[in-house]
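From first to last, the protein sequence lines are chains X and R.
Position 194 of the first sequence, counted from 1, bears residue number 194 in full-length UniProt numbering, the numbering being contiguous throughout.
Position 19 of the second sequence, counted from 1, bears residue number 19 in full-length UniProt numbering, the numbering being contiguous throughout.
No lab work stands behind these hints, which were simulated from the structure alone.
It is possible that some hints are incorrect.
[Unchecked claim] To give an idea of the chain X side of the interface with chain R (calculated C-beta under 8 Å), a few residues: (1) N50; (2) L51; (3) H126.
[Said to hold, decoys possible] Across the chosen pairs, the derived CB separations fall in these ranges: (4) X:E206 <-> R:L3: 34 to 42 Å; (5) X:I167 <-> R:E5: 35 to 43 Å; (6) R:E38 <-> X:D166: 24 to 32 Å; (7) R:G44 <-> X:P173: 36 to 44 Å; (8) R:D20 <-> X:F94: 49 to 57 Å; (9) R:D20 <-> X:S172: 56 to 64 Å; (10) R:R66 <-> X:E106: 44 to 52 Å; (11) R:A33 <-> X:N53: 14 to 22 Å; (12) X:I167 <-> R:L3: 13 to 21 Å; (13) X:R146 <-> R:E5: 25 to 33 Å; (14) X:S172 <-> R:Q10: 51 to 59 Å; (15) R:A99 <-> X:A5: 44 to 52 Å; (16) X:S228 <-> R:E5: 52 to 60 Å.
All figures in this text were calculated on a predicted structure; none of them were measured in a lab.
Ideal placement from N, C-alpha and C gives every residue a C-beta, glycine not left out.
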Amino acid sequence: MTIEAERHVLVVFPHPDDEAFGVSGTISSYIEQGTPVTYACLTLGEMGRNLGNPPFATRESLPDIRKQELLASAEAMGLEDLRMMGLRDKTLEFEDDEKMVQLITELIDETNPSLIITFYPNYAVHPDHEATARAVIRAVRRMKDRPKLHCVAFANDTLSGLGKPDIVRDISPVRERKMNSMKAHISQTAWMLEEMEHKLAQGDTETESWLVNERFYTYRWDEDFEESF
Amino acid sequence: MELVEPKKLQTALDAFAGKDVYLHLETTNGAYASHFNEGFFNAGAFIRNVLINFELGKIVGDSPHRVGLKLPYGWVYAQGITHYELDDHGRLLLAGHDASGKLAVALELSETPFAY
Chain X
1 MTIEAERHVL VVFPHPDDEA FGVSGTISSY IEQGTPVTYA CLTLGEMGRN LGNPPFATRE
61 SLPDIRKQEL LASAEAMGLE DLRMMGLRDK TLEFEDDEKM VQLITELIDE TNPSLIITFY
121 PNYAVHPDHE ATARAVIRAV RRMKDRPKLH CVAFANDTLS GLGKPDIVRD ISPVRERKMN
181 SMKAHISQTA WMLEEMEHKL AQGDTETESW LVNERFYTYR WDEDFEESF
Chain R
1 MELVEPKKLQ TALDAFAGKD VYLHLETTNG AYASHFNEGF FNAGAFIRNV LINFELGKIV
61 GDSPHRVGLK LPYGWVYAQG ITHYELDDHG RLLLAGHDAS GKLAVALELS ETPFAY
């Protein structure tokens, strides 16, 4: 699938590394074709569990490490407009819902995106992912001229609920950038990367396909996840 | 962080007794526990920057250890502590990591509030 021209792409995820596995190739692809991309990362992943054994970090030093990793991932993707929004990991669903919508609305008003990438509500597994998705959909729902919404879904019931993704983007030309984005988040991805690189070295085509194809669902306004908010 | 040495940790705990100290306490299985194992009952708790003053702090048992704080009108305790660190800010950070290095429990004390 060729990548469509966009005015501006706004990516909204809650955790450093949320962009790496499923979206960093798409982000790099837009940047390489000259489309401005803004990535708003709502937290610093302060509650990450992987602290290593022996531990490489403490609960208190982890945010600094993950902030540096996020900056390194942005550099790997070629991303220039990275926003760290200062919320706290694992608390987004407890924030005031209207405040969350306003935070997203301000980002949209400022960047005027023609495409927004976030999680798909009810198919995003982690409570922070769900809260982020809800806030983005609610903010866009209120707009007169809605930008396109491409959503990442990975819940166990995604296939039965949403079917197959309608957008599958081959990001092979920026494969290295994607690998480097994933490697940038090494404190969180080391185990997964080791396993993935082992499979790739064995010529596992399924893993290669997973790596170079990024999958999105166009948000279905005709099956909106809630009546209104 | 280093593996808990009970005597050293006991000395560090004693230094916080009788003072107003900020508490961080969490237990967690991670947000994905019931994604990877659908029958898993995922429970956890999180407390950050609650001010307490304990009269007695005590470490008990072989690793993973249990650490309890006796308050004038109550208790705080954590089970599963394996590692500890007295960090650059004079904060006492206790953690329990599982075999794969994932945090399962944390109990931290500081005379100044922890970062947001």
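Checked hints:
1. Taken as an interface hint, N50 of chain X checks out: its beta carbon lies about 6 Å from the nearest beta carbon of chain R, inside 8 Å.
2. At about 5 Å, the closest approach between the beta carbon of L51 of chain X and any beta carbon in chain R falls short of 8 Å, and the interface hint on this residue holds.
3. For H126 of chain X, the interface hint holds, the least distance from its beta-carbon to any beta-carbon of chain R being 4 Å, beneath 8 Å.
4. At roughly 40 Å, the beta carbons of E206 of chain X and L3 of chain R sit within the given window of 34 to 42 Å.
5. For I167 of chain X and E5 of chain R, the hinted distance range of 35 to 43 Å is not satisfied, since their beta carbons lie about 55 Å from each other.
6. At about 26 Å, the beta-carbon gap between E38 of chain R and D166 of chain X stays in the expected band of 24 to 32 Å.
7. Our hint of 36 to 44 Å for G44 of chain R and P173 of chain X holds, since their Cβ atoms are close to 42 Å apart.
8. The beta-carbon spacing between D20 of chain R and F94 of chain X, approximately 26 Å, falls outside the hinted interval of 49 to 57 Å.
9. In this structure the supplied range 56 to 64 Å holds for D20 of chain R paired with S172 of chain X, their Cβ-Cβ distance being about 58 Å.
10. Separated by about 47 Å at the C-beta atoms, R66 of chain R and E106 of chain X satisfy the suggested range of 44 to 52 Å.
11. The hinted window of 14 to 22 Å between A33 of chain R and N53 of chain X holds, with their beta carbons roughly 18 Å apart.
12. The given range of 13 to 21 Å is broken by I167 of chain X and L3 of chain R, whose C-beta atoms sit roughly 49 Å from each other.
13. Taking the beta carbon of each, R146 of chain X and E5 of chain R are about 60 Å apart, not inside 25 to 33 Å as hinted.
14. The supplied range of 51 to 59 Å is met by S172 of chain X and Q10 of chain R, whose beta-carbon atoms lie about 58 Å from each other.
15. Range check, A99 of chain R to A5 of chain X: about 50 Å between beta-carbon atoms, so the 44 to 52 Å window is met.
16. One distance hint, 52 to 60 Å for the beta-carbon pair S228 of chain X and E5 of chain R, holds here, with the actual separation near 58 Å.
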